Amino acid sequence: MKFVIQSRGDELSNRLMAEAKDYLVEFGLEYDEVEPDIVLSIGGDGTLLHGFHKYVHRLNETAFVGIHTGHLGFYADWKPEEIEKLVIMIARKDYHVVQYPLLEVEISYTHSEEKSAYLALNESTIKSPEVTLVMDVELNGEHFERFRGDGLCMSTPSGSTAYSKSLNGAILHPSLSCMQLTEMASINNRVFRTVGSPLVLPAHHSCLLKPVKGPDFMVTVDHLQLLQKDVKSIEYKVSKERISFARFRPFPFWKRVSESFVASDEEK
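Under my numbering, read the sequence shown as residues 1 to 268, first letter to last.
Check before you lean on any hint, since a few could be wrong.
Claimed, not checked - Straight-line distance between alpha carbons at most 25 Å, and here's what the computed PhoX-like set of lysine-lysine pairs gives:
1) K232 / K115
2) K2 / K93
3) K213 / K232
4) K237 / K165
Because the hints were derived from the structure by calculation, they are not lab data. Quantities reported herein were computed from a predicted structural model and do not represent experimental measurements.
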């Protein structure tokens with residue numbers, strides 16, 4: 001089996017990376033940065049996001065697993081002191097695969113037939129930092145609303161605990177095949193009005209955003225920032241592709257949510 005290791009770059013993560021690499025090579029696994037079967041991410045969720053985008057072309061062949069050395073790790077289920085236990089289980093291939101939905105992002109341009117396509121593990125946002133963003137929102141080809149505000153966020157279920165949550169989006173279990181649209185500071189008065197609520201869209205639905213005349217705006221896909229010009233539309237769908245995580249033991253989602261966001265009785 002081939003493996004690769006992604007590190008956050010701090011002293012602890014780099015030390016664990018060196019230890020894990022030595023252990024796995026000693027166990028007979030091959031270190032391969034081009035075609036890995038498993039990606040070991042050491043850091044936080046941001047480290048795993050970087051690894052996901054680096055190997056996004058190998059989603060059908062590659063599984064991900066994380067060691068948590070960051071502040072908040074929804075994708076990393078191992079602690080630094082468990083490094084030896086983890087590498088032994090990797091060497092034994094003692095795991096099963098759990099798959100999470102991804103977000104498909106397709107950008108069309110006014111004066112070109114070319115399109116830009118991306119996959120997001122957490123979310124994609126559209127922002128206009130200096131002036132009001134005005135977007136027509138279509139759901140399944142039907143006009144839904146004209147949005148005015150700071151921006152919009154479309155998240156995956158696993159990304160619902162990230163930026164979307166700060167926008168009062170719902171927390172969605174990653175077994176659900178859906179996507180969630182949330183608003184950023186929408187303008188609502190007696191002249192302009194939006195739905196003012198997060199929308200959870202099933203896998204067979206699409207969301208098309210059409211910019212109404214205005215300046216350039218920023219599109220993000222996870223940590224990637226893309227300044228967009230001359231955009232005709234941005235379409236969001238639940239992707240047919242999925243990310244695979246190597247699970248070596250139970251990793252209950254709601255337990256992670258509780259530990260991350262809910263104060264324990266001892267802390268009260």
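Hint-by-hint comparison with the structure:
no.: 1; hint: K232 / K115; in the structure: holds, 10 Å
no.: 2; hint: K2 / K93; in the structure: holds, 11 Å
no.: 3; hint: K213 / K232; in the structure: holds, 10 Å
no.: 4; hint: K237 / K165; in the structure: holds, 20 Å
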